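Chains as they are written, first to last, in our numbering: chain A, 457 to 556; chain B, 64 to 229.
Hint data in this document are derived by calculation from the structure and do not stem from the laboratory. Nothing here was measured: the structure is a model prediction, and the numbers come from that model. For each residue, glycine too, the CB sits at the ideal point set by N, CA and C. Do not rely on the hints blindly, as some may be mistaken.
[As the list claims (entries may be wrong)] Simulated DEER-style distance windows between Cβ atoms:
(1) B:M90 - A:V531: 35 to 41 Å
(2) B:M90 - A:S511: 38 to 44 Å
(3) B:V117 - A:E528: 38 to 44 Å
(4) B:T183 - A:N542: 55 to 61 Å
(5) B:G226 - A:D513: 38 to 44 Å
(6) B:Y91 - A:A521: 25 to 31 Å
[Unchecked claim] Here are the simulated SDA-like cross-link-like pairs (lysine to any residue), alpha carbons at most 20 Å apart as the crow flies:
(7) B:K193 - B:S111
(8) B:K139 - A:F517
(9) B:K88 - A:L537
(10) B:K88 - A:F540
(11) B:K193 - B:P113
(12) B:K167 - A:L488
(13) B:K193 - B:P206
(14) B:K88 - B:L130
(15) B:K193 - B:V117
(16) B:K193 - B:M109
(17) B:K88 - B:L138
(18) B:K193 - A:F517
(19) B:K193 - A:F520
(20) B:K139 - A:R541
(21) B:K167 - A:I469
(22) B:K181 - A:Q462
(23) B:K88 - B:V134
(24) B:K139 - B:V171
(25) B:K88 - A:V536
(26) B:K167 - B:S177
(27) B:K193 - B:F114
(28) B:K193 - B:Y203
(29) B:K88 - A:A498
(30) B:K181 - A:Q508
(31) B:K167 - A:V468
(32) B:K139 - A:L538
(33) B:K139 - A:Q508
(34) B:K88 - A:R482
(35) B:K181 - B:V171
(36) B:K139 - A:I469
[Claimed, not checked] If you want the footprint, here are the derived chain B segments under chain A, 3+ residues with CB under 8 Å:
(37) 84-94
(38) 119-129
This is what each chain is made of:
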Amino acid sequence: MLAANQYLMVGVILFGIGVIGFLTRRNVIVLLMCIELMINGAGLAFVSFCRQTGSLDGQVFVLFAMVIAAVEIAVALSIVLLVFRNRATLDVDEMEVLKW
Amino acid sequence: MENLFFYIAAILAVASAGSVILQRKVMYSVLSLIVALLAVAWMYAMLSAPFLAVVQVILYAGAIMVLFLFVVMMLKYEKTEIQRFRPGLLWCTGLLVAVFFLMKLICVVNRASSLTPKVTTLPPDFGSIKSLGGVLYTQYLLPVELTGILLLVAVVGVALLSGIKK
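Just chain A, same shape as in the assembly (with noise of 0.2 Å):
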């Protein structure tokens, strides 16, 4: 049986790529992309973990992660789409209306 701890490192990869994407993409969907990577970065830590211990609390919380990963998508796609209507823009570097 293969170790759980490749499992955790593949998970802190995709982590970390949604990370970089995060902080050095410009266009808004690609930002929220890279926010499905993370979660599900750590929804693979989560699972391997669970799979160490032997406790299925970890699976449950994986669960809710991909509900509240899709009610998160379907609100800030809308967001999107209103913010694309009134500006014509998905540069998140011309979306500074709220900065100053």
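Since chain A is already given, all that's left is putting chain B on it; use the hints.
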């Protein structure tokens, strides 16, 4: 044999995740994210979580990515061309911060995993739908109900945001 399957899934997941943040066109990013999510579902199945693997395919690679595809195809962003990375030194700083964070995270996770107790034998029905449902509807009954309320709120919010006229 399991090793081989693990390495295929891991390489697939990491490569397509990298492709998500490197592609120039958003449509290609969406398609590579679908591949990454399917690879994660594969790893769930190998980590004795078959129900999660199925839900991952249906909910993530199905529902959520269809939403993304719809929005990407609805917006005519090709005309307003966007650069891939953030301007100036912003992307450089972001990359540095992210890499530092990732290295720290690897140390912390390694330590946590060496501190957690390991069980050698799992019960034969570990992660089956029956055992997962047993935990979900007894110990986690209240969060399940609250998630239902959250879904309702989200439906109302999205209907409001996407402009149903009075």
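We went through each hint and held it up to the structure:
{"no.": "1", "hint": "B:M90 - A:V531: 35 to 41 Å", "result": "violated (22 Å)"}
{"no.": "2", "hint": "B:M90 - A:S511: 38 to 44 Å", "result": "holds (41 Å)"}
{"no.": "3", "hint": "B:V117 - A:E528: 38 to 44 Å", "result": "violated (21 Å)"}
{"no.": "4", "hint": "B:T183 - A:N542: 55 to 61 Å", "result": "holds (58 Å)"}
{"no.": "5", "hint": "B:G226 - A:D513: 38 to 44 Å", "result": "holds (41 Å)"}
{"no.": "6", "hint": "B:Y91 - A:A521: 25 to 31 Å", "result": "holds (26 Å)"}
{"no.": "7", "hint": "B:K193 - B:S111", "result": "holds (13 Å)"}
{"no.": "8", "hint": "B:K139 - A:F517", "result": "violated (37 Å)"}
{"no.": "9", "hint": "B:K88 - A:L537", "result": "holds (18 Å)"}
{"no.": "10", "hint": "B:K88 - A:F540", "result": "holds (17 Å)"}
{"no.": "11", "hint": "B:K193 - B:P113", "result": "holds (11 Å)"}
{"no.": "12", "hint": "B:K167 - A:L488", "result": "violated (24 Å)"}
{"no.": "13", "hint": "B:K193 - B:P206", "result": "holds (19 Å)"}
{"no.": "14", "hint": "B:K88 - B:L130", "result": "holds (17 Å)"}
{"no.": "15", "hint": "B:K193 - B:V117", "result": "holds (14 Å)"}
{"no.": "16", "hint": "B:K193 - B:M109", "result": "holds (18 Å)"}
{"no.": "17", "hint": "B:K88 - B:L138", "result": "holds (13 Å)"}
{"no.": "18", "hint": "B:K193 - A:F517", "result": "holds (17 Å)"}
{"no.": "19", "hint": "B:K193 - A:F520", "result": "holds (17 Å)"}
{"no.": "20", "hint": "B:K139 - A:R541", "result": "holds (11 Å)"}
{"no.": "21", "hint": "B:K167 - A:I469", "result": "holds (12 Å)"}
{"no.": "22", "hint": "B:K181 - A:Q462", "result": "holds (14 Å)"}
{"no.": "23", "hint": "B:K88 - B:V134", "result": "holds (14 Å)"}
{"no.": "24", "hint": "B:K139 - B:V171", "result": "violated (43 Å)"}
{"no.": "25", "hint": "B:K88 - A:V536", "result": "holds (17 Å)"}
{"no.": "26", "hint": "B:K167 - B:S177", "result": "holds (16 Å)"}
{"no.": "27", "hint": "B:K193 - B:F114", "result": "holds (10 Å)"}
{"no.": "28", "hint": "B:K193 - B:Y203", "result": "holds (15 Å)"}
{"no.": "29", "hint": "B:K88 - A:A498", "result": "violated (26 Å)"}
{"no.": "30", "hint": "B:K181 - A:Q508", "result": "holds (5 Å)"}
{"no.": "31", "hint": "B:K167 - A:V468", "result": "holds (11 Å)"}
{"no.": "32", "hint": "B:K139 - A:L538", "result": "holds (14 Å)"}
{"no.": "33", "hint": "B:K139 - A:Q508", "result": "violated (47 Å)"}
{"no.": "34", "hint": "B:K88 - A:R482", "result": "holds (12 Å)"}
{"no.": "35", "hint": "B:K181 - B:V171", "result": "holds (18 Å)"}
{"no.": "36", "hint": "B:K139 - A:I469", "result": "violated (33 Å)"}
{"no.": "37", "hint": "84-94", "result": "holds (count 4)"}
{"no.": "38", "hint": "119-129", "result": "holds (count 5)"}
Checked against the numbered hints above, the structure violates hints 1, 3, 8, 12, 24, 29, 33 and 36; every other hint is satisfied.
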